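Use these hints to put chain L onto chain Z, whose structure you have.
Going line by line, the protein sequences match chains Z and L.
Under this note's numbering, the residues of the first sequence are numbered 175 to 495, in order.
Under this note's numbering, the residues of the second sequence are numbered 550 to 968, in order.
Be aware that a few hints might be false.
As the list claims (entries may be wrong) - Calculated cross-link-like contacts (lysine to any residue; reagent style SDA-like; alpha-carbon spacing at most 25 Å):
(1) L:K954 to Z:A263
(2) L:K669 to Z:P267
(3) L:K720 to L:T946
(4) L:K600 to Z:Q463
(5) L:K669 to Z:N212
(6) L:K954 to L:G745
(7) L:K584 to Z:H337
(8) L:K600 to Z:L451
(9) L:K600 to Z:G467
(10) L:K600 to Z:A468
(11) L:K669 to Z:A263
(12) L:K669 to Z:A332
(13) L:K854 to L:R842
(14) L:K614 to L:V625
(15) L:K954 to Z:Q262
(16) L:K715 to L:G745
(17) L:K851 to Z:E460
(18) L:K954 to Z:G264
(19) L:K801 to L:R719
Stated by the list, open to error - If you want the ones that stay clear, here's a sample from chain L, every Cβ over 12 Å from chain Z, calculated:
(20) S581
(21) K621
(22) V750
(23) G767
(24) E849
(25) D916
(26) K924
(27) W945
Claimed, not checked - Residues of chain Z clear of chain L, computed beta-carbon distances all greater than 10 Å:
(28) A346
(29) A347
(30) A351
(31) R357
Just so you know, the hints here were simulated from the structure itself, not pulled from any lab data.
What you are looking at is a predicted structure, and each value in this text was computed from that prediction instead of being measured.
We put the beta carbon where it would ideally sit given N, CA and C, even for glycine.
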Amino acid sequence: MTQRPMQTKSFAGMSGRAVIAALAAVAAAAALPLVLTNYQVGLATEILIFGLLAMSIDILAGFAGRTSLGHGAIFGVASYVVIYAGAQAGLPPAAGLALGVVAATLLAAIFGWLAVRTSGVYFLLLTLALGMIVWGICLRWTEVTGGENGLRGDVRPAFLVTHSAFYWAVLAAAVAASFAMWRFVRSPFGLTLRGIRDSESRMRSLGYNVSLHLFIGFTVSGFFAGIAGALYAMFNDFVSPSTVALAQSVEGVLMMIAGGVGTLFGGFVGAAVIIALENVVSAHTERWQMVLGATFILIMIFAPEGIIGKLRAMLARHTSR
Amino acid sequence: MDRRQFLKTSTVAFTAGGLGLAPWRRAAAQASPIKIGLLAPLTGVVASGGKEMVEGVQFWLDQAKNEIAGRKVELVIEDDASNPDTALQKARRLVEQGNCDMLIGNLLANTGLAVANYVKGTGTPYFIPIIAADDLTQRQRIRNVIRVAGYSASEFTHPLGDWALKQGYRKIATVSQDYTFGHEQCGGLAQVFSEGGGEIVQQFWHPLNTADFSPYLGQLADLKVDAIFAMETGADSTRFIQQYAGFGLKGKIPLLMAMNGTDQSVIRTLGEDCEGIISPAHFAEGSDNPVTRQFVRDYEAKYGKIPSLYGFSMYSGIMWVAAALDKIGGRLDDRNVFIDTVLKTELTGSPLGKTVTLDAYGNPIYDVYIRKVVKRGDGKYWNVPITSYPNVSQFWTYDPATYMKQPPYSRSFQGIKKA
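Chain Z on its own, in the form it takes in the complex (with noise of 0.2 Å):
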């Protein structure tokens, strides 16, 4: 995915340049399964499911300054509902997958509803807090979720079975989210959203309802983790505690920190890096995590602004020179 400028007119809000360089990139994605292996078709399918993920996470803390810690528990109840659908309901894939999303959405908004009174880190441990409830929701309610063992079953439809197949459906759900998250970010409303970032007693002096706006913004993201929560559960034909835990949330942010912070499409960066590092180093050392831990300390030390964050930087002083 490359970056979209900040254009207007044309077509769908992009330059035609923009245009152009957006189906390369798209191009470029889907040719993948033609060079990869399997396996490599399948990690590209999580760093674009996991990069949806970040960009859900981005719309609040990169564009409204709330850093949320709950989205991981967003994501996962999506997982869980079209696990439960289709293997416990015996629904349809597709009602599954709707089902998943709606109940993001609405768990978002109950989030939204609790968490927008607050900010910085008060935010922060409100959300974590309600995650940890998710958490331990699905960890204890035995009967409904498996418990500890979590739910299996096979709610990925036939045609999508192979790995190219399914990731072509990732990826055009996920062109189609991001362009809408863009889209979204950038309208009069994802602009009061930056506003509240920059000043919320100034908005609030011009007459917004800071609040309202704040909680449909997060009920909007909670809406796009759904999405990705709903797609993973199709990836993994499985769920766990593991999948709506607190280290899914941070997973989630890192992604994003890495990438860029109010980049938005740096999460499918952010994604790429933390997939491909944790595969590459784990087959090499069992300490793998370390090397993660480091990797992401160098990162905070020397690209704070993200990678494509740096990446901009970079070359706006390379231009202005």
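Coordinates of chain L only, in the frame set by chain Z:
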């Protein structure tokens, strides 16, 4: 800043990122070595057990000079991080990229269930010497998932229930970690014990990683029961045993535990607190069987500790698979033949010192020991058999079809017969 250039650069960056995947590709595996994918939790909450799993496999391979049926063995070890999502990803990697002929391992039930669900689709043979989840060889059996040298959770607590009745116990309370492994082990005991006329007075379920057992121990002490059954793993077990003694209950109320409760991985760090605890198992490191003796001696000489369940199970598991491969001359081109052969293979020469067979559902039938923790000559504690139940299957004395009609053991279903 020039927009066109920016676009170009970031497109190039992304494409390069995508192509960066290419070096991960590996040429298709050659036919010569047998590739075995070993999944073990080397990081995360059960990492210590995971390391002993790897030791068990390597210990056997060393003795076999790294050869099975005349073919070299290539062991690929992956860390499942005690997390089912990671386990699934690593299983994919081993099968799809590593071209492993088979998978073996995993410790936590949820990681095993995730991998089992995956190999159901690929047909890859998957061996689970540690994963005890009952249903994997019962109601949700998958043909290519075989519990070589493993056991189903309730398999050993069924005979323990019978043994408790024979001791004249009439009232038992249970305390257990609140997850499926605990529900299943308690259920096995509760069903047999209550059907034989005993009473399960109360059952306590506590979360994993409970630091303080005093709320439970206080209540247990007041229940006036004949014995207490505790199902604990890892650090919880260590703490429970210490606090049980600390509360003055040791020696006052007999303590029965699940086999993992008094496994070497737990009691090797404990002193006299663990003495006298009863547990049921197929393996007893303190057995006087000469083959077991020899194994324990060799293992101690190599790793400096008495082997735990993890080391023993993986050692015997790989031995079982190798025995099957010997029968078919190491040929793996037809998986169905391989799986059928494993199912028909008998395990001889394992540290158990007796022959073990699989039932029709891919779960071993064992002679189950009732073991007691005693002090060895050198002051270390180990499990010594006091009696044994021959040929115990996962269905105990029940008819398999009837047994599987009852729901799996859970917190709400413990098979308790109402008096």
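Let me make sure I understand: some of the numbered hints might not hold for this structure. Which ones are they, in numerical order? As far as the earlier hints go, not one is violated by this structure.
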